[in-house]
Amino acid sequence: MSNEMEHSHDGHDHGHHPEPETYSAARAKALESLLREKGVIAGDTIDKVIDFFEHDMGPFNGAKVVAKAWVDPQFKELLLTDLPTAIQKMGFPPGSDGAEGEHMKAVENTPEVHNLIICTLCSCYPWPLLGLPPYWFKDPTFRARAAREPRRVLSEFGLEIPDAVEVRVWDSSAQIRYFVLPQKPEGTEGMSEEELASLLTPEAMMGAASVQVPAAA
Amino acid sequence: MSNEMEHSHDGHDHGHHPEPETYSAARAKALESLLREKGVIAGDTIDKVIDFFEHDMGPFNGAKVVAKAWVDPQFKELLLTDLPTAIQKMGFPPGSDGAEGEHMKAVENTPEVHNLIICTLCSCYPWPLLGLPPYWFKDPTFRARAAREPRRVLSEFGLEIPDAVEVRVWDSSAQIRYFVLPQKPEGTEGMSEEELASLLTPEAMMGAASVQVPAAA
Amino acid sequence: MKLQHRLGGLENLGPVNFERRVFVQPWEERIFGIHVAMMGLRIWTWAELRMGAEAMNPFDYFKYRYYEKWLGGISGFLVEKGYFTQAELDERTALYLQQSEATLPAGGESTINDTIIEYLRTGDSPQRDIVAEPKFKAGDRVLVKDVPTIDHTRLPGHLRGKTGVVDVVYEGAFTYFVSTGPDGLGAPMPVYCVCFDPKDIWGSLAEDNGRFYADIFETYLEAAPAE
Amino acid sequence: MKLQHRLGGLENLGPVNFERRVFVQPWEERIFGIHVAMMGLRIWTWAELRMGAEAMNPFDYFKYRYYEKWLGGISGFLVEKGYFTQAELDERTALYLQQSEATLPAGGESTINDTIIEYLRTGDSPQRDIVAEPKFKAGDRVLVKDVPTIDHTRLPGHLRGKTGVVDVVYEGAFTYFVSTGPDGLGAPMPVYCVCFDPKDIWGSLAEDNGRFYADIFETYLEAAPAE
Numbered sequence: 001m002s003n004e005m006e007h008s009h010d011g012h013d014h015g016h017h018p019e020p021e022t023y024s025a026a027r028a029k030a031l032e033s034l035l036r037e038k039g040v041i042a043g044d045t046i047d048k049v050i051d052f053f054e055h056d057m058g059p060f061n062g063a064k065v066v067a068k069a070w071v072d073p074q075f076k077e078l079l080l081t082d083l084p085t086a087i088q089k090m091g092f093p094p095g096s097d098g099a100e101g102e103h104m105k106a107v108e109n110t111p112e113v114h115n116l117i118i119c120t121l122c123s124c125y126p127w128p129l130l131g132l133p134p135y136w137f138k139d140p141t142f143r144a145r146a147a148r149e150p151r152r153v154l155s156e157f158g159l160e161i162p163d164a165v166e167v168r169v170w171d172s173s174a175q176i177r178y179f180v181l182p183q184k185p186e187g188t189e190g191m192s193e194e195e196l197a198s199l200l201t202p203e204a205m206m207g208a209a210s211v212q213v214p215a216a217a
Numbered sequence: 001m002s003n004e005m006e007h008s009h010d011g012h013d014h015g016h017h018p019e020p021e022t023y024s025a026a027r028a029k030a031l032e033s034l035l036r037e038k039g040v041i042a043g044d045t046i047d048k049v050i051d052f053f054e055h056d057m058g059p060f061n062g063a064k065v066v067a068k069a070w071v072d073p074q075f076k077e078l079l080l081t082d083l084p085t086a087i088q089k090m091g092f093p094p095g096s097d098g099a100e101g102e103h104m105k106a107v108e109n110t111p112e113v114h115n116l117i118i119c120t121l122c123s124c125y126p127w128p129l130l131g132l133p134p135y136w137f138k139d140p141t142f143r144a145r146a147a148r149e150p151r152r153v154l155s156e157f158g159l160e161i162p163d164a165v166e167v168r169v170w171d172s173s174a175q176i177r178y179f180v181l182p183q184k185p186e187g188t189e190g191m192s193e194e195e196l197a198s199l200l201t202p203e204a205m206m207g208a209a210s211v212q213v214p215a216a217a
Numbered sequence: 001m002k003l004q005h006r007l008g009g010l011e012n013l014g015p016v017n018f019e020r021r022v023f024v025q026p027w028e029e030r031i032f033g034i035h036v037a038m039m040g041l042r043i044w045t046w047a048e049l050r051m052g053a054e055a056m057n058p059f060d061y062f063k064y065r066y067y068e069k070w071l072g073g074i075s076g077f078l079v080e081k082g083y084f085t086q087a088e089l090d091e092r093t094a095l096y097l098q099q100s101e102a103t104l105p106a107g108g109e110s111t112i113n114d115t116i117i118e119y120l121r122t123g124d125s126p127q128r129d130i131v132a133e134p135k136f137k138a139g140d141r142v143l144v145k146d147v148p149t150i151d152h153t154r155l156p157g158h159l160r161g162k163t164g165v166v167d168v169v170y171e172g173a174f175t176y177f178v179s180t181g182p183d184g185l186g187a188p189m190p191v192y193c194v195c196f197d198p199k200d201i202w203g204s205l206a207e208d209n210g211r212f213y214a215d216i217f218e219t220y221l222e223a224a225p226a227e
Numbered sequence: 001m002k003l004q005h006r007l008g009g010l011e012n013l014g015p016v017n018f019e020r021r022v023f024v025q026p027w028e029e030r031i032f033g034i035h036v037a038m039m040g041l042r043i044w045t046w047a048e049l050r051m052g053a054e055a056m057n058p059f060d061y062f063k064y065r066y067y068e069k070w071l072g073g074i075s076g077f078l079v080e081k082g083y084f085t086q087a088e089l090d091e092r093t094a095l096y097l098q099q100s101e102a103t104l105p106a107g108g109e110s111t112i113n114d115t116i117i118e119y120l121r122t123g124d125s126p127q128r129d130i131v132a133e134p135k136f137k138a139g140d141r142v143l144v145k146d147v148p149t150i151d152h153t154r155l156p157g158h159l160r161g162k163t164g165v166v167d168v169v170y171e172g173a174f175t176y177f178v179s180t181g182p183d184g185l186g187a188p189m190p191v192y193c194v195c196f197d198p199k200d201i202w203g204s205l206a207e208d209n210g211r212f213y214a215d216i217f218e219t220y221l222e223a224a225p226a227e
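Read top to bottom, the protein sequences are chains A, B, C and D.
Mapping of the first sequence onto this note's numbering: residues 1 to 217, in sequence order.
Mapping of the second sequence onto this note's numbering: residues 1 to 217, in sequence order.
Mapping of the third sequence onto this note's numbering: residues 1 to 227, in sequence order.
Mapping of the fourth sequence onto this note's numbering: residues 1 to 227, in sequence order.
None of these hints come from the bench; they were simulated from the model.
Because the structure is a prediction, the values reported are computed rather than measured.
Heads up, the beta-carbon is just placed ideally off N, CA and C, and yes, glycines get one too.
Incorrect hints may appear among the rest.
[Stated by the list, open to error] According to the in silico footprint, chain C covers these stretches of chain A (three or more CB under 8 Å from chain C):
(1) 58-66
(2) 90-103
(3) 114-125
(4) 133-140
(5) 164-171
(6) 174-182
[Stated by the list, open to error] Think about it this way: if two alpha-carbon atoms lie no more than 20 Å apart in a straight line, the pair counts; the simulated SDA-like pairs of lysine to any residue are:
(7) A:138 - C:26
(8) B:68 - B:92
(9) A:138 - C:94
(10) D:199 - B:162
(11) A:105 - C:124
(12) C:69 - C:151
(13) C:63 - B:140
(14) C:69 - A:44
(15) D:145 - D:199
(16) C:162 - D:223
(17) A:184 - A:138
(18) C:63 - C:15
(19) D:162 - D:101
(20) D:162 - C:222
(21) A:38 - C:115
(22) D:135 - D:119
(23) B:38 - D:43
(24) A:138 - A:152
(25) C:63 - D:151
(26) C:145 - D:161
(27) D:63 - B:21
(28) C:199 - C:141
(29) D:162 - C:163
(30) A:105 - C:211
(31) A:38 - C:94
(32) C:162 - D:222
(33) C:199 - A:162
Required output: the full structure, derived from the provided sequences and hints.
Encoded structure:
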């Protein structure tokens, strides 16, 4: 396999196709085309998959979970101690414990502890609640550096963690897919769950950013 | 220092000087120029150093040592057991135990054992006998690969080591500077030490090539 | 060693590209969709994708973008497994290079989609219903072995030879997609969350006031010698 | 970890460039000459040159040619130590870029050369005349420690945690140019030639019928546990 891989990479190294993205786009289309032609996939399979990640699995789910945990202490306790039961209560479409979410775990940010999720070996990510990982999370440089110098990397991302706050790094190397329950920011008193959910980004739910509250209108 | 180094590298990365060799040549000349201007070195210092490696320290010394060991069993025994005394007998100009040759050691190729010298950490090399290392020896890829797969690397170099021959790799990580005493090839019976010495290459004295005998005229 | 197996802590790297997008080119979303289809149809698993990336030249691994690596890995795998030939793939690629708007073939039965969506909804848990008898309990000090990894591993290299404390013993036993040979994965076994002091991993190069947690298969652990 | 400290055995690399020349550009011989002059004048040692190369981004380390790294390292060092300023160096470089045949200044006293040639002839042995009391003897099984290296080390990374057998106990005690801090070098200490079975280093990835020898400072070794 590695030889084929190199061969394929060679294909756009050696300048037959001057623009790599154009080449890659044609290659991806050729793969889909051949898989359709051979009857391996249907004509709309890839569209259906993309659609699933737009509507069923995505950070919009994680945002709702976090928002509920912020306003409902019992739910929060359940989320941290028995995540499957907590998620069941959310009424999500089927799949909230599906692919890459069979074993999820929430870790809580507090005034004393900041959590950062990484995957040094690849790009493990809790699909049902957060969707697909952003590019920074998959970057080998992030994976290498965040393991040893999380504070410095977070600082470069614009997030300063005070020295007194313990930084916990979680390396997703087996079955667990982690996500972060961020601290509820100040200035959100009285917000509805829906309003709170709209504040959440994938970065905040991986420990790479704080939750920002827009200035009052 | 690393920042300065990166700065310097940045200098020829960012395209101010489209031809890197032209830039490097000017940079090297600027260094010499400033060191001369500041009186740190003399006008002919660099020439003197280069001259020293053309006449005093170089593979021509190692070749003479190996040729003598091939024709004089007592000398060979001395070379392998008490190298400093053996080298003293060569009548070389002062410096044969000088820089990078303070602690040298010869390892002998036999029908049962083939030796290969490497330096995985940098480029340690026995200057007085072999001069300066060739590029392949300094290549990080050689250093990384030769440690674990010496037979494969040597095969790529054109030297096949039979399975029954033990391959010994010597990693020059402290004070010892190793070199290889190659096997005297067939077809060299009756050759003078001078003729024998002319057959030797730096590669043969590092275990990266066999000794070639030109077809009889 | 494969550098890809021990990225954690690698020094002297440059800044991280804090790119928040999931896909930066439209074709990336298509290749992701193909990957999910292959997973759902049991054509391949994460193991094959990961092994392909780990078999790359380490410098290419850093050079190529995430989905460029997927594109190369998936292309090579499907050719190797005989779904189509390299020539077919190259010809078809050339076609779309010349005619980017050329239409695609109709494709197989739409029931195929059901299998794939079912996979997404159900997942593929590695947990197995066997009675696990964990060797360690929470609070135990464990030493991470330096196992003889070949093509693939789930043991982060920076933990090899390091000592940590078991934080959680996960309930049940967990298999892996493939056997990793002498590396040790495959049969169902307990998995632990192990907590390390970063100073024990990286000495003075570690940051202060931190904890490093990793999930580690039992085969990678042994009891730490008494202090 | 610094990749430069553990190159040995790195997998998936491409072919070696079997370039037999020592210098491939005329300027390389000049920068080598400058390096020797700096060594002879005790301006710097191998330690500073090596540390500079080890402080590079590992991908740049593979990318740049040997003497390109020296050029960068020497330039940075001389500026840092105040022999001249970065501005002077850049201006002078620009001068020679514009006028490649411009003559060079006369230089210092020619007695400077005597010091440098004397260094080449005498060398700079790290051996120290102190009574060494080696902890190990030939035939002893030793375990290589995983010391907390920071900027610099002389312990090849692929040997860390591995067990070998002492082949030679070198006579005397050996210092190093600089202290490597918690890594352990600096004070005079015994050095051993240690023989390893490549299978003990790389398992099944090692070739058959081989031996791997390395010279290892005593601070990097401890007695191997009984088998």
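Quick rundown of the hints versus the structure:
1. 58-66: Result for this restraint: violated, n = 0.
2. 90-103: holds (count 9)
3. 114-125: holds (count 4)
4. 133-140: Answer holds; 7 residues pass the 8 Å Cβ test.
5. 164-171: Check passed, 8 qualifying residues.
6. 174-182: Contact hint for the segment 174-182 of chain A vs chain C: holds, 3 residues under 8 Å.
7. A:138 - C:26: holds (18 Å)
8. B:68 - B:92: Holds, at roughly 13 Å.
9. A:138 - C:94: violated (30 Å)
10. D:199 - B:162: holds (19 Å)
11. A:105 - C:124: holds (17 Å)
12. C:69 - C:151: Between residue 69 of chain C and residue 151 of chain C the Cα gap is close to 17 Å, so the pair holds against 20 Å.
13. C:63 - B:140: holds (18 Å)
14. C:69 - A:44: violated (24 Å)
15. D:145 - D:199: holds (18 Å)
16. C:162 - D:223: holds (19 Å)
17. A:184 - A:138: violated (27 Å)
18. C:63 - C:15: With Cα atoms ~14 Å apart, residue 63 of chain C and residue 15 of chain C stay inside 20 Å; holds.
19. D:162 - D:101: Between residue 162 of chain D and residue 101 of chain D the Cα gap is close to 55 Å, so the pair fails against 20 Å, i.e. violated.
20. D:162 - C:222: holds (17 Å)
21. A:38 - C:115: holds (17 Å)
22. D:135 - D:119: violated (33 Å)
23. B:38 - D:43: holds (14 Å)
24. A:138 - A:152: holds (18 Å)
25. C:63 - D:151: violated (26 Å)
26. C:145 - D:161: holds (10 Å)
27. D:63 - B:21: holds (15 Å)
28. C:199 - C:141: holds (16 Å)
29. D:162 - C:163: The given pair, whose Cα atoms are some 17 Å apart, holds under the 20 Å limit.
30. A:105 - C:211: holds (17 Å)
31. A:38 - C:94: With Cα atoms ~18 Å apart, residue 38 of chain A and residue 94 of chain C stay inside 20 Å; holds.
32. C:162 - D:222: Since the Cα atoms of residue 162 of chain C and residue 222 of chain D sit roughly 17 Å apart, the hinted pair holds (cutoff 20 Å).
33. C:199 - A:162: holds (19 Å)
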